[in-house]
Amino acid sequence: MKTFFGWLRRGRTSVIGVPYLWLVVFFLFPFLVVFKISVSEMGTVSVNDVLSIKDGVLQLTLRGTSYAFLTQDDLYFKTYLSSIKYAAITTLLCLAIGYPFSYFMARAKATIQPALLMLVMLPFWTSFLLRVYAWKGLLDENGWVWRALTALHLDQSLAYFELISAPGKLMNTPFSLVIGMVYTYLPFMILPLYSNLAKMDLRLLEAASDLGATPWKAFWLITVPLSKAGIIAGSMLVFIPCVGEFVIPELLGGPQTLMIGRVLWDEFFSNNDWPMASTVAVVMILLIIVPLAVFNRYQAEAQEKAA
Amino acid sequence: MAASTDAPATTAAYLQIHDVVKDFSGYKAVNHVSLDIAKGEIFALLGSSGCGKTTLLRMLAGFETPSAGRIVLNGQDLAGMPPYERPINMMFQSYALFPHLTVWDNIAFGLKRDGMPRDKLAERVEAMLKLVQLGKFAKRKPHQLSGGQQQRVALARSLAKRPQLMLLDEPLGALDKKLREETQIELVNIIEEVGVTCVMVTHDQEEAMTMASRIAVMSEGRILQVGAPSDIYETPATRFVADFIGNVNMMEGTLQSDYPDHVIVECADCSHYVGHGITGTEGMAVSIAVRPEKIALQREMPANEQAPHNRVQGTIKDLAYFGSFTVYHLLLASGAMLKVSQSNASRHRDDQLTWGDTAWASWSPTSQVVLTQ
Chain A
1 MKTFFGWLRR GRTSVIGVPY LWLVVFFLFP FLVVFKISVS EMGTVSVNDV
51 LSIKDGVLQL TLRGTSYAFL TQDDLYFKTY LSSIKYAAIT TLLCLAIGYP
101 FSYFMARAKA TIQPALLMLV MLPFWTSFLL RVYAWKGLLD ENGWVWRALT
151 ALHLDQSLAY FELISAPGKL MNTPFSLVIG MVYTYLPFMI LPLYSNLAKM
201 DLRLLEAASD LGATPWKAFW LITVPLSKAG IIAGSMLVFI PCVGEFVIPE
251 LLGGPQTLMI GRVLWDEFFS NNDWPMASTV AVVMILLIIV PLAVFNRYQA
301 EAQEKAA
Chain B
1 MAASTDAPAT TAAYLQIHDV VKDFSGYKAV NHVSLDIAKG EIFALLGSSG
51 CGKTTLLRML AGFETPSAGR IVLNGQDLAG MPPYERPINM MFQSYALFPH
101 LTVWDNIAFG LKRDGMPRDK LAERVEAMLK LVQLGKFAKR KPHQLSGGQQ
151 QRVALARSLA KRPQLMLLDE PLGALDKKLR EETQIELVNI IEEVGVTCVM
201 VTHDQEEAMT MASRIAVMSE GRILQVGAPS DIYETPATRF VADFIGNVNM
251 MEGTLQSDYP DHVIVECADC SHYVGHGITG TEGMAVSIAV RPEKIALQRE
301 MPANEQAPHN RVQGTIKDLA YFGSFTVYHL LLASGAMLKV SQSNASRHRD
351 DQLTWGDTAW ASWSPTSQVV LTQ
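Residue numbers (this note's numbering), protein chains in the order written: chain A, 1 to 307; chain B, 1 to 373.
A few chain A positions that, by computed beta-carbon distances, are all more than 10 Å from chain B: (1) V24; (2) V57; (3) K78; (4) L92; (5) L93; (6) A108; (7) Q156; (8) V290; (9) V294.
Subject to a maximum C-alpha distance of 25 Å in a straight line, what follows is the list of computed DSS-like cross-link-like pairs (lysine-lysine): (10) A/K228 / A/K109; (11) A/K54 / A/K36; (12) A/K217 / B/K141; (13) B/K120 / A/K217; (14) B/K141 / B/K120; (15) B/K294 / B/K339; (16) A/K199 / B/K141; (17) B/K139 / A/K217; (18) B/K139 / A/K228; (19) A/K199 / A/K228; (20) B/K141 / A/K228; (21) B/K112 / A/K217; (22) B/K28 / A/K109; (23) A/K228 / B/K112.
Hints are computed from structural coordinates only; laboratory data are not their basis.
Every residue gets a Cβ at the ideal spot worked out from N, C-alpha and C, and that includes glycine.
If we strip away everything but chain A, and leave its shape as in the complex, we get:
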């Protein structure tokens, strides 16, 4: 018996160990490498080693200048803020579009649900780059979307709200950037929401109705709170990659839309300043991870309190 439980425990450890090993090898280790670069000195071609032997003495050289510079130049701070702003707007829009979509998909006839699910995933069959690039054609002057919006004079209200720089110019504006990001990340909102809403016990809505709740009230008091986990999962899946997004701002963004991904690229390839680029990356990861960890902890505590 003892050996059996020992074996079971070992088995369990190794099963849990696989993802942890994965995280250590492909996340923690690269992160440490990036961190190391951020505190190194830039050589001519690549960074110098932090450890060096000089006159038979092992020397550890850590430079904090990149971090200091990050706080001095407010370009970085502004860019972080702007990245978070666009990621948040994208997340909210994805939620606003994705929630009703997932809701009706989950309530659709069981026979057509797989087809609807397939339609959501269909864009993945085309290269992400091509799909983003295609928006260029649609939003550029005389593109279909451009024609539709200008014909309806919607470009004027967009310009009024400073979402585009001037009427008749849609490309390389906050508007085009957000369109591209919402379009790309919408499936990541829909899928977790759909799987959550499809599992919902519909009798709860009947119970709410029976107790005097109108369908609208029942939706806000029962459906929405019960889909909280799906809303959180979908929002994370959209928000986190959006903060660090590089390709979409590069292709669809403009001078107004500062995104941290582009700054990072510039530091690496234009300035050839690896430590600065790594610093930007490390701070970005911390900016995302720390609030997440706090949130998770708060969630766990709330759950414990309830139990």
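Chain A is fixed; fit chain B onto it per the hints.
Same frame as chain A, but now just chain B:
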């Protein structure tokens, strides 16, 4: 049918179900059902799954719309009234408690929808918690409660709004047997304390018999018989009802002689002397139903008054011991099986009947039911 005979014809019943039909694209789940239910009554719809009882209940709640017919509650026609406007609350099968709300908030849910003032609402919820003895659990979430506690929360939630009519969908179906028996009585006590009119749906005849004041037996969308539990059990109207409720020995026979005060029915293995007259003609085919507990079993030929009627000899093929009683399966000459239930009044009995023994079964002329349909 029998339903209307209970209520005086002059005053309209509290709940009237009048010739209601529910047609699911050609399939009549509920087929011309009429029922009158009095105020304060606990009424059970009993039937196996798919008999239409749940559809009927859902039409009362407003989740389904009748294809034809009228439902009138307390003088008010419910047609076209959505569930959230009906003065009716339902206790759902496996409860459908809101998992994200505490016990307190679950009970308060309906009251809040009515916009009840805060202090009055708190008072009502506290009273409900007290009624179902869950005061200590007000802050818990449903998943932190046992099955029995969840059931009581569901009861409190559906009673909180003081509905004119309460619906119970398999109220005890999710509980295990022991708890179910205790809860049946408790549930009836609470319902009677509140004095609410109830319609319950169940497939469990024991549940229907212990809880309800009247039962309607349903099959294939129709009501076969309505009556008090003892009426349904002792004087079933049809073969289906006799067979559905409890255990029964069904024997096919022909009406041999028909007197005003008794009839003789000839069956394959024995003849029956039935101590009451029936409406029928001599020679017609009838069924005789005898409950296993109404049959006596002994080794010697019984010398009953109606001899040679009302007795039969057979071999014990099987016996099932249930503790308080034993059921013997008697193989008769024709190959038919006769179930005989004997209560185990004493702990040991000399000369206990057992497998392979030959024994005589006998019954009194008041124990049979003659069924013509």
